[in-house]
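The working numbering applies: residue 1 is where the sequence shown begins, and numbers increase by one.
I should point out that these hints are in silico values taken from the structure, not numbers from a laboratory. Beta carbons are placed, not taken as given, at the ideal position from N, Cα and C, and that holds for glycine. Do not take every clue at face value.
Restraint ranges, calculated between C-beta atoms of paired labels, are given here [as the list claims (entries may be wrong)]:
#1 A12 x A232: 29 to 39 angstroms
#2 H108 x G70: 49 to 59 angstroms
#3 L68 x G21: 18 to 28 angstroms
#4 T106 x G283: 19 to 29 angstroms
#5 D211 x A172: 18 to 28 angstroms
#6 R18 x E194: 45 to 55 angstroms
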Amino acid sequence: MKTIERIAELRAACETARHGGQTVGLVPTMGYFHEGHRSLMRAARAADGLVVVTIFVNPLQFGAHEDLDGYPRDLAGDTAAAEAEGVDALFTPSQAEMYPEPTRTTVHVDGLTADLCGAARPTHFDGVTTVVAKLFSIVGPCTAYFGRKDAQQLAVVRRMAADLNLPVDIAACPLVREPDGLAMSSRNAYLSAEERRAATVLSSALRTAADAVGAGERDRVAITRLIEATVATEPLVALEYGEVCRGTDLAVVDPIDGEMLIAVAAQVGRTRLIDNVTITIAGAEVTTDLGVTTQESEL
1 MKTIERIAEL RAACETARHG GQTVGLVPTM GYFHEGHRSL MRAARAADGL VVVTIFVNPL
61 QFGAHEDLDG YPRDLAGDTA AAEAEGVDAL FTPSQAEMYP EPTRTTVHVD GLTADLCGAA
121 RPTHFDGVTT VVAKLFSIVG PCTAYFGRKD AQQLAVVRRM AADLNLPVDI AACPLVREPD
181 GLAMSSRNAY LSAEERRAAT VLSSALRTAA DAVGAGERDR VAITRLIEAT VATEPLVALE
241 YGEVCRGTDL AVVDPIDGEM LIAVAAQVGR TRLIDNVTIT IAGAEVTTDL GVTTQESEL
């Protein structure tokens, strides 16, 4: 594996690979790898000739009072993990390399960024789409791998790539859960033992909501109230939202039908966590995607 810090060097490596007949797989990250990140690397490794993983804690997607300075970092551990997964190039640019001048150009996806996490973090998704557009420009034609845990981000990036005719295929990979059901996140490292236990109420609420849909409930408000009631049983968790929307464009529909996203965000201590499940409704038939659960041996 080669560690690359310069944009020009990464761009040249990707162009050389494509000229040699290889496809390029891109896994954009902010580092502090867990099994969810590694599953994206494995998906890219199985499909592409050149696998590029990027680590960049992007300041544009953090609000004024968010955890940019304290965001967990472990470059040595991340480097070892990426090498173990067969990654070919690890791109670790500095902030000066990515933003040599104050940013005057940003990318905004209208509509999809206004609600859910966008309501509490109004500048977040502009930061995400701007840095992802830059990475797509640097790497060039490729398949980019994103996890379903950040479902709103996935929808936003897909729409951006389509609207701008970017030569990038977006591959959605399963949400990965801890053995107790908690969705994997780099921010889980912030949780105390008591908060860590309490946080599992989020996945419990999603399962309860999914079970209700499987039993025939189609009223959106009834499902959101069920989420609220479940999370309210855990006093350490403050629910920010529990919502049901269409998976493709995040539109609110009632009664629910088709491919739907049930999503939650909550504050657990000083840590903001998100989680979701995808449900596909076709008449009386309901298919639920809760993601995949790791085994203790994988952690």
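Comparing the hints with the structure gives:
1. A12 x A232: 29 to 39 angstroms: violated, 54 angstroms
2. H108 x G70: 49 to 59 angstroms: Given range 49 to 59 angstroms: violated, Cβ gap about 27 angstroms.
3. L68 x G21: 18 to 28 angstroms: violated, 40 angstroms
4. T106 x G283: 19 to 29 angstroms: violated, 43 angstroms
5. D211 x A172: 18 to 28 angstroms: This hint holds: roughly 24 angstroms between Cβ atoms.
6. R18 x E194: 45 to 55 angstroms: With a Cβ separation near 50 angstroms, R18 and E194 satisfy 45 to 55 angstroms, so the hint holds.
Of the hints listed earlier, those the structure fails to meet are numbers 1, 2, 3, 4, in rising order.
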